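Peer 1: Sequence:
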Amino acid sequence: RIVLMSFGWGTLIITGLAVAGGALLASRVQRRLDGIAATMVDVSHGRLDTRIPLTGKGDDIDIVSSQVNAALDRLSALVEGMKQVSANIAHDLKTPLNRLQMILDTASEKNLSGQKIAAELADAHAESLQINETFDALLRIAQIEAGARRARFTDVDPGEVLQTIAEIYADVAEDDGKSLSLAQPQETTDRIHGDRELLTQMFANLVENALRHCPSGTTIKLSVARQGERVVASVADNGPGIPAEEREKVFQRLYRLDHSRSTSGSGLGLSLVRAIADLHGASITLEDRRPGLAVAVSFPLASD
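Numbering (our numbering) for the sequence shown: 1 to 304.
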């Protein structure tokens, strides 16, 4: 009987401790869940800088919370990017839209000759094409960032892509008083997995950017080489280069250096380059050549 009573009391104590421990654990879990809920409420009210507090224990709740925080970081960055793009669109399109309105106002004057009206309408057409080019580029970037082109990926020889670019732009560069050449790569079977059309667009944009912003006499060199488990393709010039503090900004949509605002272009060429690189899992490095700039794009090798 004494044994039974001892067993009963022991069972009761253990059960009580288990219940108390369970209640304490449930309370802690509930507080953490309440913290998650409160964070999501803050986010729904527009406070995108709010994050779920982590305990550092590395348990399932911490893992989920870290993933949610990472998603919130991306969301916050996207929203800030959209705000910046909206501001840049308003800034960069205000001038051509005002110019277009002035041209059309002038063309509508009754005392203009037919030849003068035709000239004004030609200018208006050119302005409208520039505006359409900007929006087409924005749409293309959005489609690339959505990953819609991954279905077209094949194994691509980057050397062949650069060879095509060199053949297309060599004469253009010469006519502009510049030179463009491709460093002959060694025979290789190295391939990258990607969309050939987009890769061609990427390097065309880089070359056009160099041609647009470099003075007469500039030398532009294309090259591709294997570096470990990656393939690095580069476009290098001996032009004016880009200030160190501006190098990351040039990939922002519609961002333009002050000295380049007088040149043609939508300000989206390098944004498109970044979008294509991200789609291919590639990294971009801007290197100061003193003088000049080298843009190196590092791709992972295609899997066998």
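Keep in mind the hints are simulated off the structure, nothing from the lab. Wrong hints could be hidden among the right ones.
[As the list claims (entries may be wrong)] With a straight-line Cα cutoff of 30 angstroms, these simulated DSBU-like cross-link-like pairs (lysine-lysine) come out: (1) Lys116 - Lys83; (2) Lys57 - Lys83; (3) Lys94 - Lys249; (4) Lys83 - Lys249; (5) Lys94 - Lys83.
[To be verified] Simulated restraints, written as ranges between beta carbons of each label pair: (6) Asn132 - Gly58: 36 to 44 angstroms; (7) Ala70 - Glu287: 24 to 32 angstroms; (8) Ala70 - Lys116: 55 to 63 angstroms; (9) Pro96 - Thr164: 26 to 34 angstroms.
This structure is a prediction, so every number in the text was calculated from the model and none was measured. All C-beta atoms in this analysis are idealised placements derived from N, C-alpha and C, irrespective of residue type, glycine included.
Peer 1: Taking the hints in turn, state whether each one holds.
Peer 2: Results of checking the hints against the structure:
A C-alpha spacing of about 41 angstroms is found between Lys116 and Lys83, which places the hinted pair above 30 angstroms, so the restraint is violated. Restraint check: the Cα-Cα separation between Lys57 and Lys83 comes to about 36 angstroms, which exceeds 30 angstroms; the hinted pair is violated. Our distance criterion of 30 angstroms between C-alpha atoms is met by Lys94 and Lys249, whose separation comes to about 21 angstroms. A C-alpha spacing of about 15 angstroms is found between Lys83 and Lys249, which places the hinted pair at or below 30 angstroms, so the restraint holds.
A threshold of 30 angstroms between alpha carbons decides the hint, and for Lys94 with Lys83 the separation of about 16 angstroms falls inside it, so the pair holds. Between Asn132 and Gly58 the beta carbons are some 52 angstroms apart, a value that contradicts the proposed interval 36 to 44 angstroms. Taking the beta carbon of each, Ala70 and Glu287 are about 30 angstroms apart, inside 24 to 32 angstroms as hinted. Checked against the hint of 55 to 63 angstroms, the pair Ala70 and Lys116 passes, with Cβ atoms roughly 60 angstroms apart.
A hinted range of 26 to 34 angstroms holds for the C-beta pair Pro96 and Thr164, which are about 32 angstroms apart.
When held up to the earlier numbered hints, the structure conflicts with 1, 2, 6 and fits the remainder.
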